[in-house]
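Participant: Sequence:
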Amino acid sequence: MLRILAILSLAMPLAACDSSGDGTSITINATDSDGNMLAGVDKNGQMSVNVPGFSGKINLPKLKLDAGDFDLNGVKLYPGSTISTMNIDTKDGGNGGKDSGNVRISFDSPGTPKAVQDWFLQRLNKDAGFKVKVDGAGLTGTTDDDKPFKLELAPVGADHAKGTIILSDQN
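Residue numbers -16 to -1, 1 to 155, in mature numbering (1 follows the signal peptide of the UniProt record, and there is no 0), belong to the letters of the sequence shown in order.
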């Protein structure tokens, strides 16, 4: 999970700031022996932090993440996709003393669920070292680290799809 978090944190500086349209909502929830931490940036650019001993809100420019800001072992999102939400939930010391948690990334794509499914199926198995298979309109399987992977897809109109990628550290 820490590897996934590190990859995602590297993508943050690459995010384009946008003052129009919808931004990306990002939430980070972490637990450790010292207490809980919750941080997030909503679609309007308001950042909230709540850690033991401090809480506050800061206004930032809106972040808008798209296909170019996302990289999963060298695999980008379907061309033209935009990320609507990113939720990172990690718990230090959980799962028998190991880090545990999951990452959920929701996105909108300018392609049908079948086109997006085919895009990921081909690239994840070939380029990223994943072992995924078709599961309804989505995909299920494992990452190159043998951790659970799931892609859920649903149609939005005739030629768009909403998708959610779920990565987990728990087998």
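Honestly, the hints are just simulated from the structure, not real lab data.
The C-beta atom is built at its ideal place from N, Cα and C for all residues, glycine as well.
One or more of the hints may lead you astray.
Simulated DEER-style distance windows between Cβ atoms [as the list claims (entries may be wrong)]:
id, residue 1, residue 2, range
1, D102, N57, 25 to 31 angstroms
2, D55, K115, 16 to 22 angstroms
3, K115, A142, 31 to 37 angstroms
4, N57, P94, 21 to 27 angstroms
5, T126, K60, 16 to 22 angstroms
Participant: Under the constraints set out in the numbered hints, which ones does this structure not fulfil?
Facilitator: 1
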